[in-house]
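Between the sequences and the hints, there should be enough to build the whole structure, so can you do that?
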Amino acid sequence: AQSVSQHNHHVILSEAASLELGCNYSYGGTVNLFWYVQYPGQHLQLLLKYFSGDPLVKGIKGFEAEFIKSKFSFNLRKPSVQWSDTAEYFCAVKHSGAGSYQLTFGKGTKLSVIP
Amino acid sequence: DTAVSQTPKYLVTQMGNDKSIKCEQNLGHDTMYWYKQDSKKFLKIMFSYNNKELIINETVPNRFSPKSPDKAHLNLHINSLELGDSAVYFCASSLSTVDYNEQFFGPGTRLTVL
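Sequence order for the protein chains is P and G.
Here the numbering used here is used: the first residue of the first sequence is 4, the next is one more, and so on.
Here the numbering used here is used: the first residue of the second sequence is 15, the next is one more, and so on.
Just so you know, not all the hints are guaranteed correct.
[Said to hold, decoys possible] On the chain P side, residues computed to face chain G include the following (Cβ under 10 Å):
| # | residue |
| --- | --- |
| 1 | Asn27 |
| 2 | Tyr28 |
| 3 | Ser29 |
| 4 | Gln41 |
| 5 | Lys64 |
| 6 | Lys110 |
[To be verified] Each computed DSSO-like pair below joins lysine-lysine, with the alpha-carbon atoms no more than 27 Å apart:
| # | chain 1 | residue 1 | chain 2 | residue 2 |
| --- | --- | --- | --- | --- |
| 7 | G | Lys33 | P | Lys64 |
| 8 | P | Lys52 | G | Lys54 |
| 9 | P | Lys52 | G | Lys33 |
| 10 | P | Lys110 | G | Lys54 |
| 11 | G | Lys33 | P | Lys72 |
| 12 | P | Lys113 | G | Lys33 |
| 13 | G | Lys54 | P | Lys64 |
| 14 | P | Lys110 | G | Lys23 |
| 15 | G | Lys55 | P | Lys113 |
| 16 | G | Lys58 | P | Lys110 |
| 17 | G | Lys50 | G | Lys33 |
| 18 | P | Lys61 | G | Lys33 |
| 19 | G | Lys23 | G | Lys33 |
| 20 | P | Lys113 | G | Lys58 |
| 21 | P | Lys113 | G | Lys66 |
| 22 | G | Lys55 | P | Lys110 |
[Said to hold, decoys possible] Covered stretches of chain G (in silico footprint by chain P; criterion: 3 or more residues with CB under 8 Å from a CB of chain P, positions within the stretch not fixed):
| # | segment |
| --- | --- |
| 23 | 29 to 35 |
| 24 | 50 to 63 |
Don't read these hints as lab results, they were simulated from the structure.
All C-beta atoms, glycine included, are put in the ideal place defined by N, C-alpha and C.
Given below as structure tokens:
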């Protein structure tokens, strides 16, 4: 069974600092990768996704992620965070192919941005 | 014009009761899901329906029974509620089961069992 690891449980940054959140997955085949964000008290929203092509994916709100197949990683980055980026971030993986209905989530990384 | 809606938003009930959570999507999607988010924010799939047919049924107690009356609705009924059922339950939908289709989430239902 596939699994997703997010190594940082809680990240605290000052505004304007750069962000990188780690995500590694265990499945060896072709995967589709997602980052979702959950702002306090709100539902999950998609930040970005990768399914093929350019491994550097740009998402909303200035976020990007890079798929490195050899490292089974899909790290999320933002060059300069804002207070409004304070939220919980979830990496998710879906393996590609027939019968691949299931989206497996990591345990999430809480980001706190200090003004 | 909410894409995925859930009712109620909050549900407080006693152990042993039976309760239902409703989910509706107006996106025209074929596939719907129920997730449970525990107190540590871990999200785990419970069920998935595609065109009203059950396609994912994870290891969930049979006290939980999903029902999909049509493609736009996926309700969750829980019998004999237990303390451990306290969590936030999220409904989601996607265009289909195709790999790259993102899932759209509802606002969640916070269930508290006393």
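Does the alpha-carbon distance linking G/Lys54 and P/Lys64 stay inside the 27 Å limit? Roughly 26 Å separates the two Cα atoms, so the pair holds.
For the pair we were handed, P/Lys110 and G/Lys23, check the Cα-Cα distance against 27 Å. Holds. P/Lys110 to G/Lys23 sits at ~23 Å (cutoff 27 Å).
With a cut-off of 10 Å, does the beta carbon of P/Gln41 approach a beta carbon of chain G closely enough for the hint to hold? Nearest chain G Cβ about 8 Å off; hint holds.
Hint consistency between G/Lys58 and P/Lys110 [alpha-carbon to alpha-carbon, up to 27 Å]: With a Cα-Cα distance of about 9 Å, the restraint between G/Lys58 and P/Lys110 holds, given a limit of 27 Å.
Measure nothing beyond the straight line between the CA atoms of P/Lys110 and G/Lys54; if it is 27 Å or shorter, mark the hint as holding. At roughly 8 Å apart (the allowed maximum being 27 Å), G/Lys54 and P/Lys110 satisfy the hint.
Holds or violated: G/Lys33 to P/Lys72, with C-alpha atoms at most 27 Å apart: Between G/Lys33 and P/Lys72 the Cα gap is close to 44 Å, so the pair fails against 27 Å, i.e. violated.
Mind checking the alpha carbons of P/Lys52 and G/Lys33 for me, to see if they're no more than 27 Å apart? Roughly 35 Å separates the two Cα atoms, so the pair is violated.
Quick check: the segment 50 to 63 of chain G, covered by chain P? Criterion 3+ residues, Cβ under 8 Å. Per the Cβ count (7), the hint holds.
Hint consistency between P/Lys61 and G/Lys33 [alpha-carbon to alpha-carbon, up to 27 Å]: violated (42 Å)
Interface hint check: P/Lys64, Cβ to nearest Cβ on chain G, cutoff 10 Å. Holds or violated? violated (16 Å)
For the pair supplied as a hint, G/Lys55 and P/Lys113, is the alpha-carbon distance within the 27 Å limit? Since the Cα atoms of G/Lys55 and P/Lys113 sit roughly 10 Å apart, the hinted pair holds (cutoff 27 Å).
Hint check: G/Lys23 vs G/Lys33, CA-CA at most 27 Å. Holds or violated? holds (13 Å)
In this structure, the earlier hints numbered 1, 2, 3, 5, 7, 9, 11, 12, 18, 21 and 23 are contradicted, and the remaining ones agree with it.
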